[in-house]
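For the protein sequence lines, the chains are Z and E, in the order given. Counting in this note's numbering, the first sequence runs from 1 upward without gaps. Counting in this note's numbering, the second sequence runs from 1001 upward without gaps.
No lab work stands behind these hints, which were simulated from the structure alone. All C-beta atoms in this analysis are idealised placements derived from N, C-alpha and C, irrespective of residue type, glycine included. Any given hint could be a false lead.
[Stated by the list, open to error] Per the computed footprint, the stretches of chain Z lying under chain E, defined by three or more beta-carbons under 8 Å from a beta-carbon of chain E, are: (1) 176-183; (2) 510-522.
[Claimed, not checked] Here are some chain Z residues the structure puts well away from chain E; computed CB gaps all over 10 Å: (3) A140; (4) S302; (5) K392; (6) P425; (7) V626.
[What the hints assert, rightly or not] If you anchor each label on the Cβ, the simulated ranges turn out as follows: (8) E:R1040 with Z:F205: 21 to 29 Å; (9) Z:P81 with E:R1083: 23 to 31 Å; (10) Z:V435 with E:P1024: 16 to 24 Å; (11) E:R1079 with Z:F4: 43 to 51 Å; (12) E:P1024 with Z:I412: 25 to 33 Å; (13) E:R1040 with Z:S181: 21 to 29 Å; (14) Z:T216 with E:P1024: 32 to 40 Å; (15) Z:S181 with E:E1020: 15 to 23 Å; (16) E:E1078 with Z:H171: 23 to 31 Å; (17) E:P1024 with Z:E6: 38 to 46 Å; (18) E:E1020 with Z:F4: 42 to 50 Å; (19) E:E1020 with Z:W196: 17 to 25 Å.
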Amino acid sequence: MNEFIEQFLLEARELVEQATNDLLMLEQSPTDKAPLDSAFRAFHTLKGSAAIVDFTAMTRALHAAEDVLARVRAGAAPVTPALIGDSLSCLDQVVQWLDQMQADGESPTNADAAADAIVARFAPGAAPDPPSSSESLDHAWVDKLLERNRAPGARARSAVRYAPLADAFFHGEDPLAVIGSLPGLLAIDLEPGQAWAPLDGLDPFDCRLVFTALSTASAEELSHWLRPHSNVAHVRPLVEPALEDALSPDACRLLDAQLRLLGERDEDGRSGRIASAGRVAVNVLRYAGRSTEADQIDQMISSGQSGRVGEALAGAIRAILDGPAIGAPTAPTTGPLAQPAQEARILRVDVERIDTLVNLTGELIVLKNTLGHTTGLMQAGADARTLAVALKDQHARLERLTTELQRSVLGIRVLPLQHVFQRFPRLVRELAASVDKSVRLVTEGDTTEADKAIVESLFEPLLHMVRNALDHGVESAAERAAAGKTPVATIHLRGARVGDQVLIDVEDDGRGIDVDRVRRVAIERGAASPQAIEEMSDEAAAELIFAPGFSTAAAVTDLSGRGVGMDAVRTAIGRLGGQVTLENRPGRGVKVRLTLPFTVMMTRLMVVEAGGEAFGLPMEAVIETVRVPRRRITPIGAARAVVLRGRTFPVIDLAEALGEPRAAAPAGDATLVVVAADGRLGSLEVDRLGERIDVILKPMDGLLAGAPGVAGTTLLGDGRVLIVLDPRALLQ
Amino acid sequence: MTVRLTNEGLISLEGVVLVEDAEPLLQLLLTHPAAAIDWRACDHAHAAIIQILMASGIAPIGPPSGVFMRTVVEPALERYRERAFPKGA
């Protein structure tokens, strides 16, 4: 499969999942803007990606959905269950297409009809689907099919009706081959969809065939098989599987009784009870015609007399009673099916790196033996001082080894930036052509490595940045000529590793950001108060492009200008623990820099104490720690501030911010930690500063996943759980 | 050629008969309305070919060589012919 398509499939599935979650969340709380924005972003990106792989039908369908969501965002349309339903159906269709692409390795060519159906759903005033009047028709074809095929009909479990579209032949399909490939095919019937024209007027390429077929496969399996044709194929189950081999109520009662017998705790006569319960169960199952299960239980009771048999037997009987989920799918199961599991991700690893790991393991084993020796000495009553020296030495060696081990393991998880950079040249060419600008893309430093998780999450933000540069930054050739620039614009995509950080620059030589225009638009859109915007420095005003919902493009294009780009970039990069900075040179271009950690796994923390508890603060956010006399902290309204080296910082009492009211203002100096996040600066007042530690941060999951202000947790050396704070949330 | 007129005046379908062969087959049927169709050497025929066989009502000389053609398609075609052309065209 083409690598583009591979990447597209991977990302598209993630986006579909994201959009689905967001839509469901939106349905729960229709007034909440966050899921709406997020769903909209997902549709937008999905549409963009579909355009990249030249899948026009999918682009069309998603564009329709996106338009409706845009209206909702603008407040022009309400969130209705129908809207959510339509959007989800659109995503279901997308998943079907993705599955088809996964199987064929290229975008489906027969997707137009399905796309039309999706677009029609979103058309203004579109009526909801008329209630299916084909129910009786449905029966008619199944009955006819069974009547004509009595013998195979007795064995068939499901029936299929498949009426390919008239232009199926033009799309290179062979409907007969589709039917022929159905699993468990018993017989087919051929019918013309309408009366034949006389031979001399017959169009041989106009498909008029209707196939009906009988199969021994389950309706579910057939639906799965026919998924690429789900718009023209219907599957009906012929037997209700639940009736097929369900146990009679009497049989269930008998098995239930055996279960109770097995559950008795009395040790006396235990093996006898097991044997008798087992025998009854075998007989009941044999009588019910479930001989496989009967044999299994038979084997179980004859295999041994150990106490385990009782439990295993009880488990088996319980499983039979609960039954495999044999509901009764009486309705046609042509609806969307569950998404297939994501395939295992594979990483290519240099043999040298594996060798390093093997060597390290060897050294660790040596160290373990040394420790054993020291323990022996200790038991023999060796001098405490000698032991302390030995232990200290061994601890130092262990520390060195674990650090190396950590580095090696993380080294295995790295990918070169090339992995994501290589997708841009073609993309830039096409994007540039679509806006009629000539642009040259220069990529540098694509051998720079970064953690796999980071590299793989970079495409979407970079795509937004490159699009913005192309759409807003780069001028038309005439404009460039007038400004004395070369007619072909240049966009640089640059990667570099600096210490523990990876820097990625997207730089264009276009017109730069028109700060006055940004100010005007920001005031119009209410991104901040007019006064605040007027007072902003030019640099700060340029940063307004990161504000949610900000967009300076007048027209909505395929390219960008939905006002989701830069907002999305900042969110995505922030999620990776990185930062976005902007360097605006009016008339000469814009440089957007992503500063990312080399790895997502290791985080350096500073432990602080507040309100009697320890908390972690990510080191990357900590600028400095200072002790200041309390009189230098001045109250301003309800808040407090401190002036450090000529700059004013707000002072946030960490204990108070975390909901622990302070009894009385402590005396003495205040300990402040100056932190920066998302371009904001502030200082946190803490009780005490603790050590600095390297940890593998575990993000919160389950109920706590959404807890605001918490980045994750880790374990301290003494076994306590350390809560790691998210400075971004604290400064807001 | 997967569709050709044999020296004996039969229209022969051989091997895998593709959608591109539908047009030539139709032309042959129009120019030689009396010719019989022989599909004994046919491994697979595209749906477009089957459609022409259905519309023409001709009973091809069989059985075809492909298993799916022989066991599934030919009987279905025969049943269709019995329904659509009751007296045997």
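Okay, the hints, checked on the actual structure:
1. With a cut-off of 8 Å between beta carbons, the segment 176-183 of chain Z has 3 residues touching chain E; three or more are needed, and the interface restraint holds.
2. Only residues whose C-beta sits within less than 8 Å of a C-beta in chain E count toward coverage, and the segment 510-522 of chain Z has 0 of them, not enough to reach three; the restraint is violated.
3. Every CB of chain E is more than 10 Å from the CB of A140 of chain Z (nearest about 15 Å), matching its label as outside the interface.
4. Listed as outside the interface, S302 of chain Z is consistent with that label: its C-beta sits roughly 44 Å from the nearest C-beta of chain E, beyond the 10 Å cut-off.
5. Listed as outside the interface, K392 of chain Z is consistent with that label: its C-beta sits roughly 78 Å from the nearest C-beta of chain E, beyond the 10 Å cut-off.
6. The beta carbon of P425 of chain Z sits about 38 Å from the closest Cβ of chain E, which is more than 10 Å, so the claim that it is off the interface holds.
7. Against chain E, the non-interface label of V626 of chain Z holds: every CB pair exceeds 10 Å, the least being about 80 Å.
8. In this structure the supplied range 21 to 29 Å holds for R1040 of chain E paired with F205 of chain Z, their Cβ-Cβ distance being about 26 Å.
9. The beta-carbon spacing between P81 of chain Z and R1083 of chain E, approximately 46 Å, falls outside the hinted interval of 23 to 31 Å.
10. One distance hint, 16 to 24 Å for the beta-carbon pair V435 of chain Z and P1024 of chain E, is violated here, with the actual separation near 47 Å.
11. Evaluation of the 43 to 51 Å hint for R1079 of chain E and F4 of chain Z yields a pass: the beta carbon distance comes to about 47 Å.
12. Take P1024 of chain E and I412 of chain Z: their Cβ atoms lie about 60 Å apart, and the range 25 to 33 Å is violated.
13. One distance hint, 21 to 29 Å for the beta-carbon pair R1040 of chain E and S181 of chain Z, holds here, with the actual separation near 24 Å.
14. Checked against the hint of 32 to 40 Å, the pair T216 of chain Z and P1024 of chain E passes, with Cβ atoms roughly 38 Å apart.
15. For the pair S181 of chain Z and E1020 of chain E, the supplied restraint of 15 to 23 Å holds, since their beta-carbon distance comes to about 21 Å.
16. For E1078 of chain E paired with H171 of chain Z, a C-beta distance near 29 Å keeps the hint of 23 to 31 Å intact.
17. Between P1024 of chain E and E6 of chain Z the CB atoms are about 40 Å apart, so this pair conforms to the stated range of 38 to 46 Å.
18. Look at E1020 of chain E against F4 of chain Z: about 31 Å separates their beta carbons, and that is not inside 42 to 50 Å.
19. Checked against the hint of 17 to 25 Å, the pair E1020 of chain E and W196 of chain Z passes, with Cβ atoms roughly 21 Å apart.
Hints 2, 9, 10, 12, 18 from the list above are not met by this structure, while the remaining hints are.
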